[in-house]
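The working numbering puts the first residue of the sequence shown at 1325, with every later residue one more than the last.
Bear in mind the hints are in silico, worked out from the structure with no lab data behind them.
Hints may be right or wrong, so weigh each one.
Said to hold, decoys possible - Mimicking DSS-like on lysine-lysine, the simulated pairs with C-alpha atoms at most 30 Å apart in a straight line are:
| id | residue 1 | residue 2 |
| --- | --- | --- |
| 1 | K1449 | K1379 |
| 2 | K1542 | K1512 |
| 3 | K1549 | K1512 |
| 4 | K1467 | K1512 |
| 5 | K1360 | K1601 |
| 6 | K1446 | K1491 |
| 7 | K1491 | K1601 |
| 8 | K1491 | K1449 |
| 9 | K1379 | K1491 |
| 10 | K1428 | K1360 |
| 11 | K1491 | K1428 |
| 12 | K1542 | K1509 |
| 13 | K1542 | K1446 |
| 14 | K1509 | K1467 |
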Amino acid sequence: MKLYKLIYIALFVFPLSLLAQEETDTIAPVEIEYEKPAFESTGLIDNQTDRVFSKGTIEFIMNHRFGLVTGTNDMIGVWGATNIRIALSYAVTDRITVGFGSTKDSRLQDFNLKAAIFKQTKNDKMPFNLTYYGNWTVNASPKEGFYHTSDRWSFYNQLIISRKVSKTISFQIAPSYSHYNRVDKAIKNDMAAFSAGGRYMFIPDISLIVDATTPLMKYEQSTPKPGFGIGLEYSAVQHAFQLFISNSKGIVNQQNIMYNSNDFFDGEFMIGFNITKSW
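Turn these sequences into a full structure, and let the hints guide you.
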């Protein structure tokens, strides 16, 4: 069995371990108090966070990226080629959320799952959150270039380790693994990556947010560039708005990790925003 298949099996088994903490919580003589989620939004610029809503919650998500800021007559990228993703998610339980999203570029249709495996407790008996996020994405572009239906599929698996340090400071790190069933000859089918991010609430409801992702594997001809984003987030009880600059345009995680060609620190970035609303 190929290595990537073993990794997928291992990652998909992780969500089952959340039952262990659920069972412990049920039989404990004293009710465990969980810390509030480390992040207000379910997303952090180009990555996911530990946030999982309570059972029955529906979330609407809009991710938008304008064109590259080139300094020409493009109104800081607003008149350039844009990318957008619209998505919905539903909390099946207090720990498991399923969702579907549709992205403009490459007509990507993603089915996703997020599971809170462990939650940070107020007494620090569990000092961090451990959350799994995965998606199964199909490229719905015209038939040309795809010999088999399976050629259209890509997969993404990520483990998010986060901690709420205080009321104003949170951070997370997140290893991930991406796989495309079909790729160009210049690259390989798989890519491991590592992400890190954080937020600092400097005034009530408004935070500085930072997110970075770096590929951990190199290709001989076309190694993707690391992703970086920085911006502001406004959050309220049932919605959040993030405005930022980022060099990742793909929106769907594996698209950014496998194919990002923009160098943020060489001035190749775009303005973007994320909007989430829950009921």
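The hints, checked one at a time:
{"no.": "1", "hint": "K1449 / K1379", "in the structure": "24 Å, holds"}
{"no.": "2", "hint": "K1542 / K1512", "in the structure": "9 Å, holds"}
{"no.": "3", "hint": "K1549 / K1512", "in the structure": "15 Å, holds"}
{"no.": "4", "hint": "K1467 / K1512", "in the structure": "22 Å, holds"}
{"no.": "5", "hint": "K1360 / K1601", "in the structure": "18 Å, holds"}
{"no.": "6", "hint": "K1446 / K1491", "in the structure": "12 Å, holds"}
{"no.": "7", "hint": "K1491 / K1601", "in the structure": "22 Å, holds"}
{"no.": "8", "hint": "K1491 / K1449", "in the structure": "19 Å, holds"}
{"no.": "9", "hint": "K1379 / K1491", "in the structure": "24 Å, holds"}
{"no.": "10", "hint": "K1428 / K1360", "in the structure": "34 Å, violated"}
{"no.": "11", "hint": "K1491 / K1428", "in the structure": "37 Å, violated"}
{"no.": "12", "hint": "K1542 / K1509", "in the structure": "14 Å, holds"}
{"no.": "13", "hint": "K1542 / K1446", "in the structure": "41 Å, violated"}
{"no.": "14", "hint": "K1509 / K1467", "in the structure": "19 Å, holds"}
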